[in-house]
Amino acid sequence: MDSDEDERIPFSQRPEWSDIKPVPQDDGPNPVVPIAYHEDFRETMDYFRAVYLADERTPRSLRLTSEAIAMNAGNYTVWHFRRLILETLNTDLHEEFDFIENIAKSNSKNYQIWHHRRWVAEKMGTEATNMELKFTRKILSLDAKNYHAWSHRQWVLQALGGWEDELDYCLQLLEEDIYNNSAWNQRYFVITRSPLLGGLPAMRESEVRYTIEVILLNPDNESPWRYLRGLYKGDAEALVGDPQVSCLCMKVLSVRGNTFALNLLLDLLCHGLQPNGELKSVVEGLTNSESDSIDPSLAIKVCSLLETLDPMRSNYWAWRKVTLPSHTKAI
Amino acid sequence: MGELEMEKHVRYILTIEKKKDDFVSLVIEHLRINGAYWGLTTLDLLGKIETIDQDEVVSWVMKCQDESGGFAGNIGHDPHILYTLSAVQILALLDKLDVLDIDKVSNYVAGLQNEDGSFSGDIWGEVDTRFSYIAICCLSILRRLEKINVEKAVDFVVRCKNLDGGFGSTPGGESHAGQIFCCVGALALTGSLHHIDRDLLGWWLCERQVKSGGLNGRPEKLPDVCYSWWVLSSLVMIDRVHWIDKEKLARFILDCQDKENGGISDRPDDAVDVFHTYFGVAGLSLLEYPGVKAIDPAYALPVDVVNKIIFKK
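As you go down the protein sequences, you meet chains A and B in turn.
The opening residue of the first sequence carries number 1 in UniProt numbering; numbering runs sequentially from there.
The opening residue of the second sequence carries number 1 in UniProt numbering; numbering runs sequentially from there.
What the hints contain is simulated information worked out from the structure, not anything from laboratory work.
Cβ coordinates follow ideal geometry from the N, Cα and C atoms, glycine included.
Possibly wrong hints are sitting among the right ones.
[To be verified] Output of the computed footprint for chain A on chain B, the stretches with three or more beta carbons under 8 Å from beta carbons of chain A:
| id | region |
| --- | --- |
| 1 | 77-83 |
| 2 | 160-166 |
| 3 | 170-176 |
| 4 | 202-209 |
| 5 | 217-225 |
| 6 | 244-254 |
Use the sequences and the hints to build the structure in full.
Here is the structure:
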């Protein structure tokens with residue numbers, strides 16, 4: 001940047017800008033939503049409009065866009081013009097990364113910054129791979145659920161590569177916060193899309209083991225329950241046929257009632273699971289109302305438990321109860 | 001919890017932009033047209049659209065149009081699909097679509113479709129399912145859907161579907177309620193809702209309701225009034241809205257009102273803004289709150305406007 005934030009010299013007093021006539025914002029004759037501008041910001045934008053309208057793609061214009069972006073990183077027209085200047089001047093893009101990193105520190109959820117970053121990385125190609133993986137790690141270390149950073153990282157992996165350590169990275173983030181749904185999503189992304197791991201069929205067994213372990217430690221965590229189902233995507237038969245899955249439900253429920261375990265059990269029953277005596281007695285143990293014990297169907301008992309345990313979604317569970325497939329009513 | 005402070009919210013919207021030396025208004029200069037859409041739609045939902053000078057709005061909106069046919073967020077800025085939808089929605093709201101060169105606008109939007117069916121936001125090529133929704137919504141309002149390859153557009157959205165039934169910004173991206181609204185909306189407007197597993201997605205969406213009654217946008221995140229729109233409209237479109245506790249949600253939204261000066265915030269006791277005021281009121285509209293006009297969950301416009309423009313009723 002040209003100047004310190006504290007001691008900003010107005011453009012009107014900078015000799016190198018004396019040839020430029022600033023252009024004020026045209027808000028129309030009677031602005032619908034009149035806007036009060038800060039003086040510094042207004043002046044910067046007035047000079048920006050002047051060089052933009054004159055299409056002046058010079059180093060000083062580039063510096064001016066740096067100042068304008070530092071004041072408001074959301075203005076996409078400034079970014080747009082900056083890219084045109086970078087293209088025209090053939091600027092060293094390494095410097096551009098530094099600039100972005102500086103701006104991103106305080107604006108990590110700004111669409112324009114991420115889009116610009118991607119544009120620069122795309123131009124650089126695989127030379128940028130490690131830098132981009134490192135950069136997104138840094139942002140994610142501050143906010144592990146930053147949607148932009150994750151999108152950028154997924155793009156880097158797919159466009160430039162760098163899959164080698166990604167599963168370890170997911171593991172590391174999950175160790176830091178096992179409730180981080182973004183990290184679970186990334187894990188699924190890696191096991192299904194990494195060219196190095198052989199895809200879902202090759203990964204299923206070890207992933208199921210890992211996920212079950214995690215669930216047993218924190219049964220109230222929504223993400224691994226969904227992840228577990230994802231591992232059997234589109235294959236209800238395999239889900240029902242895997243004894244580890246029904247065994248997981250039983251283990252969790254033998255401690256106390258849990259909506260995710262009951263819901264998974266309900267789906268297993270709907271898809272044809274034949275419950276054993278142990279599983280039945282675990283559910284019995286959770287049921288204490290008399291009306292439920294009169295009904296012989298395990299699936300109905302599970303629905304009733306869910307209605308009680310999760311009253312906010314009682315309509316959902318009531319719906320599940322009335323739409324139970326007929327074969328569940330005999331077990 | 002009290003009632004919806006309708007008059008105060010109307011007054012808040014009418015005066016919000018007149019505040020001087022407000023840094024917020026300064027940094028949103030470039031997305032002023034979004035702000036205008038949020039404010040005007042809220043006014044209409046509250047039955048007070050006639051309090052503004054409509055001709056003035058229309059002439060300002062038209063000054064934001066670029067020669068490409070697309071609209072910018074303000075006069076003199078660059079066009080983007082985000083602002084183009086807001087412009088078209090505002091004109092639809094005011095029943096002034098006839099001032100548009102419909103083919104010019106729709107050609108701009110259609111020109112942003114990529115080979116794989118996705119849409120870019122502008123000439124710089126950022127791809128996101130938000131833009132798929134925006135393009136489809138825009139062209140539906142303009143009745144020019146035939147200008148794009150709808151089949152490919154739908155295919156791309158479907159490729160962004162996740163194991164939990166939700167959708168992300170690009171294939172493999174995490175499910176997020178805002179992106180889900182866009183994808184469900186895009187599929188609804190193209191008659192393609194059969195691609196959705198309604199029960200699976202419906203369950204994910206109703207799991208977004210937390211103890212306070214508010215909705216979050218992803219697991220383990222804080223509730224926010226904006227999800228009263230993103231989650232609720234999606235649930236309405238897939239006909240599963242009865243799965244959440246509507247009364248608790250309404251109470252959460254009402255608790256986010258500034259009962260003195262009007263406006264609605266993201267969470268109770270935070271600062272209000274026009275964005276959350278719109279989403280709060282729109283959410284209450286979907287909850288059929290008395291006195292608030294009905295909003296269409298896919299077009300994000302009042303139902304009577306959609307009937308007039310789309311169905312010529």
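Each hint, compared with the structure:
| no. | hint | verdict |
| --- | --- | --- |
| 1 | 77-83 | holds (count 3) |
| 2 | 160-166 | holds (count 3) |
| 3 | 170-176 | holds (count 6) |
| 4 | 202-209 | holds (count 6) |
| 5 | 217-225 | holds (count 4) |
| 6 | 244-254 | holds (count 3) |
Consistency note: the structure conflicts with none of the earlier hints.
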